[in-house]
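Trainee: The lines below spell out each chain.
2 protein chains.
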Amino acid sequence: MKVIQAKDFSLQREETDVYETERAVVKEILARVQAQGDAAVRAYTARFDGVELDDFRIPEALFEQAYAEVGDEFLEALRAAIQNIRRYHEAQKRPSWMLPDEQGSVLGQIIRPLKRVGVYVPGGRAAYPSSVLMNVIPAQVAGVPEIVLVTPPDREGKLNPGVLVAIKELGLAEAYRIGGAQAVGALAYGTETIGAVDKIVGPGNIYVALAKQAVFGQVAIDMIAGPSEILVIADDSADPDYVAADMLSQAEHDPMAAAICVTPSGDLACRVAQSLVEQLEKLPRREIAEESLRNYGSIVVTENLDEAIAVSNRIAPEHLELMIEDATSVLGRIENAGAIFVGRYSSEPVGDYFAGPNHVLPTSGTARFSSPLNVDDFVKKSSVIQYGKQALLENGEKIITLAEAEGLQAHANAIRIRLDKEGGRNQS
Amino acid sequence: MKVIQAKDFSLQREETDVYETERAVVKEILARVQAQGDAAVRAYTARFDGVELDDFRIPEALFEQAYAEVGDEFLEALRAAIQNIRRYHEAQKRPSWMLPDEQGSVLGQIIRPLKRVGVYVPGGRAAYPSSVLMNVIPAQVAGVPEIVLVTPPDREGKLNPGVLVAIKELGLAEAYRIGGAQAVGALAYGTETIGAVDKIVGPGNIYVALAKQAVFGQVAIDMIAGPSEILVIADDSADPDYVAADMLSQAEHDPMAAAICVTPSGDLACRVAQSLVEQLEKLPRREIAEESLRNYGSIVVTENLDEAIAVSNRIAPEHLELMIEDATSVLGRIENAGAIFVGRYSSEPVGDYFAGPNHVLPTSGTARFSSPLNVDDFVKKSSVIQYGKQALLENGEKIITLAEAEGLQAHANAIRIRLDKEGGRNQS
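In order, the protein sequence lines correspond to chains A and B. For the record, in the first sequence the residue sitting at position 370 is 370 according to the numbering used here, with numbers rising by one throughout. For the record, in the second sequence the residue sitting at position 220 is 220 according to the numbering used here, with numbers rising by one throughout.
Hints are computed from structural coordinates only; laboratory data are not their basis. Be a bit skeptical, because a hint or two may be false.
Identical chains share a label here; the pair holds if one copy fits it or two copies do between them.
Said to hold, decoys possible - Cross-link-like lysine-lysine pairs, in silico, DSSO-like; alpha carbons within 27 angstroms at most:
{"#": "1", "residue 1": "LYS7", "residue 2": "LYS115"}
{"#": "2", "residue 1": "LYS93", "residue 2": "LYS115"}
{"#": "3", "residue 1": "LYS389", "residue 2": "LYS421"}
{"#": "4", "residue 1": "LYS158", "residue 2": "LYS168"}
{"#": "5", "residue 1": "LYS168", "residue 2": "LYS115"}
{"#": "6", "residue 1": "LYS168", "residue 2": "LYS93"}
The model shown is predicted, which means the values in this text are computed figures rather than measured ones.
Go ahead and model the full structure; you've got the sequences and the hints to work with.
Mentor: Pasting the structure below:
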């Protein structure tokens with residue numbers, strides 16, 4: 001853990017796009033899935049997941065077993081989270097609208113849900129029920145009628161019980177136990193049993209990420225998440241134990257994760273550093289967290305709060321916590337951040353699991369131009385132009401002028417032929 | 001021009017992604033611009049555009065000259081178009097919002113404009129003033145404070161007067177006469193004189209498109225446009241000359257453009273075919289339009305209107321015209337289309353230039369999952385979580401349960417440490 005001055009601070013991670021081999025593997029898998037459909041998916045599932053499946057669909061028995069395993073406390077917490085996440089995303093919905101004018105025209109914008117969306121949920125140790133909620137609920141709120149979930153099975157064909165219960169609680173009718181690049185291929189191209197989708201979302205390992213990149217264009221995809229960050233702006237009013245605990249909740253994810261505290265208080269900086277050491281002791285995932293802190297952890301001491309905010313805006317963190325006095329008053333000065341956690345009770349895990357906003361956030365500085373996963377990601381818009389006769393007669397010549405200025409005579413003709421026939425030529 | 005049955009119809013264009021050489025050229029240009037900044041841009045401008053520039057900024061004298069050249073009629077038409085486009089895009093704006101609850105929490109979403117956006121405008125014969133309007137106005141309406149426009153000069157360093165006047169009318173303070181991959185590189189990486197942007201939008205040739213793809217991730221980009229389509233659904237109430245004229249306005253763009261009429265009326269099909277032949281005769285861009293019609297033009301005869309709509313939904317056209325009786329009543333059944341032109345007066349060029357909606361539309365079937373360029377493309381969202389003390393005390397255990405179910409103990413700790421200190425442990 002470094003304690004450094006603001007002017008010396010930048011967050012540089014090693015470039016890691018060196019996946020030539022993986023890219024070739026993915027290309028081959030996708031080509032075979034496109035050509036051979038189910039047979040290819042079945043073969044790759046046997047090879048990579050170690051299980052032979054006749055039917056990809058997750059059997060009812062597995063769901064029933066999962067409910068027995070998870071316990072009431074989990075179920076109650078999950079249901080509360082679903083309700084909160086749904087409520088927040090409902091507030092993102094927008095209606096289609098129109099703009100009528102006095103010349104008889106009606107302009108508008110129709111907003112419709114995508115028709116069919118695929119959600120990828122990782123398996124193994126990265127099988128997170130919260131991923132199911134955060135990726136599926138915005139699509140449901142958008143009104144997507146067909147949501148299909150894929151998730152890789154273990155060697156016995158089993159799945160994480162929390163993930164299974166989440167699938168059931170959300171009422172998903174279509175869920176398959178397949179994973180990897182072969183699952184992405186099945187979603188993008190369709191197979192005999194799995195219909196092709198319009199968009200694929202959800203996290204995955206490098207093969208999944210490369211497969212999503214490769215099918216982009218054929219279908220839409222969400223962003224490819226990079227390593228994750230938390231940046232805490234804190235002052236003397238902050239509890240150093242809270243700051244340290246929240247930093248560790250990021251650091252335990254991944255050795256590439258970055259946990260950064262930016263503070264004008266040298267005293268707080270020392271106390272956070274001390275608390276980090278103490279809390280680190282007891283962590284089950286201590287090794288990961290330690291490596292993350294060693295590589296990318298920082299406590300940055302600034303001249304004042306203004307400089308702290310400037311550092312944060314430069315980093316454009318995925319998660320930003322404001323543990324300062326009168327935190328709300330600086331919201332308008334935060335230029336770039338995926339999610340902003342305001343005040344001492346707003347610990348990052350509150351947002352990761354429960355409060356309602358999405359935990360799929362722009363990473364690695366992309367908050368400069370990207371947004372949290374949201375309902376808009378699952379809709380498409382169409383412009384509507386219902387031009388009135390009067391509008392055409394009054395404006396036709398102007399449109400012709402603009403078309404001719406661009407040398408596009410057939411464009412001009414399409415207007416002229418109407419002006420001639422509708423009698424506008426003489427009136428305009 | 002083929003007249004065919006609906007069941008046999010699909011729109012297949014040749015795959016054209018064979019740009020290995022161009023990709024290598026672009027990679028080299030980008031690397032050099034990143035390393036050498038202005039010097040590289042200056043050298044490439046000399047090499048590719050044939051002009052030596054000391055200062056990239058477009059000189060005032062060129063603007064003044066342009067105003068003298070374009071004439072009053074053009075200026076008046078352009079100003080009316082600007083007003084319309086601005087009015088339509090204003091209707092797309094959304095406020096930040098919040099969602100307070102009874103437990104003392106406030107959730108919200110802050111919507112902010114991107115800080116700095118680059119707009120590419122092609123030069124030469126494809127220098128279209130309308131491109132300036134359609135790409136710049138949504139960014140202005142979104143509130144982007146820094147918009148920088150680049151457009152390549154001719155061998156005398158000159159620019160299209162219509163483009164220049166459009167730049168001035170929109171009040172753009174920063175405009176450079178550079179183009180190609182070197183301009184994209186300058187926008188993405190920044191140089192001594194041109195600051196790096198957060199997003200690059202606007203059409204361009206294959207070098208520009210490949211350069212945008214290459215810098216994607218470093219900055220955001222708009223979609224890479226493919227060949228363009230118009231699909232006209234028409235019945236016996238349609239004027240065949242209008243249908244043909246509108247098809248030709250698409251066909252004259254590009255030999256790869258597709259103009260399709262879908263109709264349940266065999267009679268109309270014949271009359272449209274005949275009108276196409278007649279109107280084609282007189283077109284200055286006849287060769288391009290003829291090649292487009294030969295390759296990708298079709299008149300599809302369907303059993304009935306339902307089948308016509310189904311064909312259109314399958315194609316997901318960039319432009320869809322509904323020249324049928326009671327056209328408004330089928331709007332709800334159009335699943336996929338970039339822009340929908342309703343009724344006999346709503347000719348495609350009305351939308352290309354003037355009515356207000358954007359002419360940057362999803363091409364090649366991507367209307368399945370993409371939208372017209374719009375104000376949302378120039379904003380970013382941040383989630384806000386200001387969690388209340390009572391909310392944390394009441395829900396803390398649930399959050400811990402979810403975190404522990406995922407094996408993320410540091411996440412659980414960040415909540416537990418607060419419950420312990422704030423006294424919630426005993427109350428929950």
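Trainee: Honestly, which of those hints from before does the structure not fit?
Mentor: Failing hints: none at all.
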